[in-house]
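Asker: In order, the protein sequence lines correspond to chains A and B.
Just so you know, the working numbering puts 53 at position 53 of the first sequence, and the rest follows in order with no gaps.
Just so you know, the working numbering puts 58 at position 58 of the second sequence, and the rest follows in order with no gaps.
Keep in mind the hints are simulated off the structure, nothing from the lab.
Here the structure is a predicted model, which means the values were calculated and not measured.
One thing to keep in mind: the hints can contain errors.
What the hints assert, rightly or not - Listed below are the simulated DSSO-like cross-link pairs for lysine-lysine, each with C-alpha atoms no more than 30 Å apart in a straight line:
(1) A/Lys112 <-> A/Lys75
(2) A/Lys75 <-> A/Lys50
(3) A/Lys40 <-> A/Lys24
(4) A/Lys61 <-> B/Lys118
(5) B/Lys65 <-> A/Lys63
(6) A/Lys36 <-> A/Lys63
(7) A/Lys63 <-> B/Lys118
(8) B/Lys106 <-> B/Lys56
(9) B/Lys118 <-> B/Lys56
(10) A/Lys40 <-> A/Lys63
(11) B/Lys65 <-> A/Lys36
(12) B/Lys49 <-> A/Lys75
(13) B/Lys106 <-> B/Lys118
(14) A/Lys50 <-> B/Lys56
(15) B/Lys118 <-> A/Lys24
(16) B/Lys49 <-> A/Lys50
(17) B/Lys129 <-> B/Lys49
(18) A/Lys61 <-> A/Lys75
(19) A/Lys36 <-> B/Lys118
(20) A/Lys36 <-> A/Lys112
(21) B/Lys106 <-> A/Lys50
(22) A/Lys24 <-> B/Lys106
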Amino acid sequence: MAIYSLWIFDRHSNCIYSREWDNKSKSSLVNVNNAKDTAKLLFGTIFSMKNISQNLSKQNKLKSFSTLRFKCHFKETGSGLKFCLLTDPELEDMQFLLDEIYTSCYVNHVVKNALSPVDFRAGQVIGSEPFTSDIDRLVVTLPSFST
Amino acid sequence: MQIYTLYILNKSGGLVYHNDFQPGLLQLTTNESLVMASTIHSIHAISSKITPANAKTNDLYNNNKSGLRIIETENFQIYVYQTITGVKFIGFANDTNLAEMEVWFKKVYLCYSDYVMKNPFQQLDMPIKNDNFDRIVRQTV
């Protein structure tokens, strides 16, 4: 059981934040792969799945998708922000963690921060260190987090 | 266990069979179903590309080693079952779990082998039009 990474996309489909947890790598993996293929493929997959779920049932929300090797938990806020959490497929529903990340980390460090932009431009990311340390504190203390 | 719809995709992602067992999902036109099937086929392939580098490998015997298996939404779930030849069975269901669906997919695969693959008039990778298969699949639900 493990938690692998967290990705945040804004409503213009830019990846504004990424955090990967890997015990092998020494440097902290924050906003490293935002412009890489992984982020784009992840967004594309989520986008198609959202379309599928809304085509088949009205007022429907995508919750997660999984393969044999990982599971992606998904949450979209009313303002079009998308949160994706990649974990081990064995893990149960992690919506509570995404809710917590949004309400206690994102709202506190980005929405209430006067210096942070309301709308992110292409290539702009959340660079705030307290934001990362708050997320780490939430995620690393979970019993299911053991890399 | 409620199963709404079954799709069968050939190895190149074309929709060869479509059966609605019970209402519950919005009705799609034939064209929309074809689009849906090929979208699932492509996200199945893409989802293996986004596997985290440090993800554990699973030794479980399964032909769907790295591709998409489940999409969970609030109102229903989509399950993907892949055979060794690359044929995909896609089930739209609710109130069920993966283990239960795997059992059902195996039953459908058996019907497929008996009624479709053993039919000398069936052309490979072409749409399945076979009343006996329709009937026998409906019995498994």
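Asker: Give a verdict on every hint.
Answerer: Hints, verified against the model:
no., hint, result
1, A/Lys112 <-> A/Lys75, "holds, 21 Å"
2, A/Lys75 <-> A/Lys50, "holds, 11 Å"
3, A/Lys40 <-> A/Lys24, "holds, 24 Å"
4, A/Lys61 <-> B/Lys118, "violated, 41 Å"
5, B/Lys65 <-> A/Lys63, "holds, 22 Å"
6, A/Lys36 <-> A/Lys63, "holds, 24 Å"
7, A/Lys63 <-> B/Lys118, "violated, 40 Å"
8, B/Lys106 <-> B/Lys56, "holds, 26 Å"
9, B/Lys118 <-> B/Lys56, "violated, 39 Å"
10, A/Lys40 <-> A/Lys63, "holds, 19 Å"
11, B/Lys65 <-> A/Lys36, "holds, 24 Å"
12, B/Lys49 <-> A/Lys75, "holds, 21 Å"
13, B/Lys106 <-> B/Lys118, "holds, 17 Å"
14, A/Lys50 <-> B/Lys56, "holds, 27 Å"
15, B/Lys118 <-> A/Lys24, "violated, 52 Å"
16, B/Lys49 <-> A/Lys50, "holds, 19 Å"
17, B/Lys129 <-> B/Lys49, "violated, 35 Å"
18, A/Lys61 <-> A/Lys75, "holds, 8 Å"
19, A/Lys36 <-> B/Lys118, "violated, 47 Å"
20, A/Lys36 <-> A/Lys112, "holds, 29 Å"
21, B/Lys106 <-> A/Lys50, "holds, 28 Å"
22, A/Lys24 <-> B/Lys106, "violated, 40 Å"
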